[in-house]
Structures are given as structure tokens and as C-alpha cells.
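A.B. asks: For reference, the chains in residue letters:
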Amino acid sequence: MADPHTTAAGYESYESAGALLRALSAPIRVAIVVELGEGERCVHDLVAKLGAPQPLVSQHLRVLRGAGVVRGVRRGREIAYSLVDEHVAHIVTDAVSHARESR
Amino acid sequence: MSMSVVEVRHLAAGYDGREILRDVSLSVSPGDVVAVLGANGSGKSTLIRTILGLVPLSRGEIELFGTPQPRFRQWARIGYVPQRLGAGSGVPATVGEVVASGRLARRGIFRLPGAADRTAVREALTDVGLLDRINDPVATLSGGQQQRTLIARALAGKPDLLVLDEPNAGVDAASQEAFAAALTRFAGNGGTIVLVLHELGPLRPLIGRTVVVHDGRIAHEGPPPEPAGHHAEPDHDHVHPHADEVKAGICEWAPTEGAKSY
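Heads up: the protein sequence lines correspond to chains A and B, in order. Heads up: the first sequence is residues 1 to 103, going by full-length UniProt numbering. Heads up: the second sequence is residues 1 to 262, going by full-length UniProt numbering.
Chain A on its own, in the form it takes in the complex (with noise of 0.2 Å):
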């Protein structure tokens, strides 16, 4: 098998880590994760929990969005988010634990 690290493709997943990896630098974006790891909740929810206002939510959301970390569904008035998979929530989970341990 060629080197991952050399091959076009290989270096291509490290990219695409990188950028998941930068859509999830902002603690509040953690944040969002970690809740959405605990399942589906609509921005309302978020923004009384996080106690962050709906604008700033909505933007980190979007962010989150546009790394293919979270997807919104509509229900009703309002849309609800959830983790598109479950890895992302696995690499969240080990990283605030990780923080934790290192402390």
C-alpha cells in the first residue's frame, strides 16, 4: 500500500481532518457538540443552555454546517440540529476528557 503521507489521496483525508479539526477550534462550538452528542436540539435550546445570544448560535452553527459536522432538519417553527455522525462526537468526547485528565 503507498504512503499515506505522500499520495495525493492520503494527504487529502489529512486536509479534510484539518478542517474538521478547525470548525471545531471555538470552546463554544465544542460546546454545541458535546450537547448535540446528548441528541437532537433546536437553536433555542442551545442558546439557554450556552447563554450565548441566537445570532452568535445561528453563526457557530453555520460553521459546523459548512464542515459537515452538524445538519438541521425543520420541525415546524423551528430547526433542529443534530451531529451528523457519531465519530465527531467520539473525537469531542475524547478530547474534553483528555483536557480533563491533563489538568
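Honestly, I wouldn't trust all of these hints.
Reference listing, derived: stretches of chain A covered by chain B, where coverage requires no fewer than 3 residues with Cβ under 8 Å from a Cβ of chain B [said to hold, decoys possible]: (1) 25-33; (2) 51-61; (3) 85-95.
Treat the hints as calculated values from the structure; they're not laboratory data. We treat Cβ as the ideally placed atom computed from N, Cα and C, and that holds for glycine.
Given chain A, put chain B in place with the hints provided.
C.D. replies: Chain B only, in chain A's frame:
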């Protein structure tokens, strides 16, 4: 010496490896009203989005209310009105409901709205001149009135700092006057305002300082120039003489914000 509301030191930031801001320093003190000006693509929106943590910085430091931004948690102290992304977003809510949602970050989810919340909503709507529309569906309002509703929502959260991204874009003159008055009252009560503007317009008397972003740097910083001669004409697009290139993109008035996404 009072603590800065926003302190930006040697900031560089951008998207996907493309650096939009190269070396920006900016200090905003309590009660300041700062207008960030610049052409399309100059980085003026990126600057406030980076300050708010929406764009990662690649170099430099940001402090909010004296706290390094990565550790800042009191987001409810900041009212934010992003650039408009199309009218209304189709949400079937009343004006009062939209403005009341501006209380949620402060109230939290476990407490029901109380008298203070209702008062804040009515005050904010009075401020932008829309109290008589409190029970109307947002969708029945003009674009300018919808924008006033969003500003009222931010005001209802009783922020210490108000950040507005092109609040005048595509907004009728009456609405511009209405929220100029609302922002003047907010500033008069000691509030701090940072707003991205394409031109000063009716907000001009309120602006204490203009910052012109050009090519990822601050090209000019100072009090807004006095309108005189042809500069005073209502359709004159004000640009500072040091930043002629800023003249390039006038079309931010055109309703194309929906196409802009980052």
C-alpha cells in the same frame, strides 16, 4: 484607566489558509462607537467575525471585556446582528416573539419569562419604533422593519456591547433613521457599539471613530470627517482620501447578501 471592551493585537485571520486580515490592532473602550469601513473583500466583516470567535485567528490576540477571547464566556453581554441573509427566513413568528428570543441567553431555559423580560421587549420595540407591530407576523414587515426587529432583539438582551454587520444594507431611509435613533439612545446610556458600515449615512452623528480596513490592515483610524460640500449630499458614498480603493465596491446596497456565505 478603564478596561477595554474589545482589544485586538496584531491579529491575522482568514479562511482555509487564505489570509484576509494580516496585522490588525484595535482598541474599543466602554462607550465608544466605532464604525469599521472598507470595500467588499477588505476584511471588515472578517474582523468582527474574528472578534466574535466565528473565524479562527492565525496570529495575534483578542480580549473581550478584559478576558482572552478563548476563555470568554459572558456572551450574553454582546448583542450581535449579523449581515442580513435574505428576508425573514420564513419563520412564522410575531415581532414580539422574535424580540423576546433576545432574552433567552440571559434568562436560561429553566425560568419562564417574567416582568423584566416583557419590559425589555417593549422597551426595545419602542426604541426602534415598532411597538405597534408587536403582534404582527414578522413576514408582514418590510425588509427595513425586519432589520429593526433584529436590532430590537439584540437590544432586548441588554447587551454592554452591540456588534452590527452592515445594518443599513438594503434598508429604507425611514428604518435607517429609526435605528440610528435607537443606537443613539443605547450609546447615550453608556453602551459600546462596533458596527461594520458601507457608508455612514444617518448614523454619522453617532460615530465617534472610524476605522478603515484595507488589504487586511487598518489603513486609517480617526474621527469621521465632517460632511461638507458634495460630501454632504445624501447619495455621496463617503470614503476617506487615504483609501481611494475603498470606492470599488458600492454594490453592497444591492440585495445580494444571500449569496454571501461564510
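A.B. asks: Taking beta carbons only, do three or more residues of the segment 25-33 of chain A come closer than 8 Å to chain B?
C.D. replies: Satisfied; 4 residues make the cut.
A.B. asks: Against chain B, does the segment 51-61 of chain A show at least 3 residues with beta-carbon separation below 8 Å?
C.D. replies: holds (count 9)
A.B. asks: Using a Cβ cutoff of 8 Å, are there at least 3 residues of the segment 85-95 of chain A near chain B, or does the coverage claim fail?
C.D. replies: Violated, because only 0 residues of the segment 85-95 of chain A bring their Cβ atoms closer than 8 Å to Cβ atoms of chain B.
Hint violations for this structure: number 3 only, all remaining hints satisfied.
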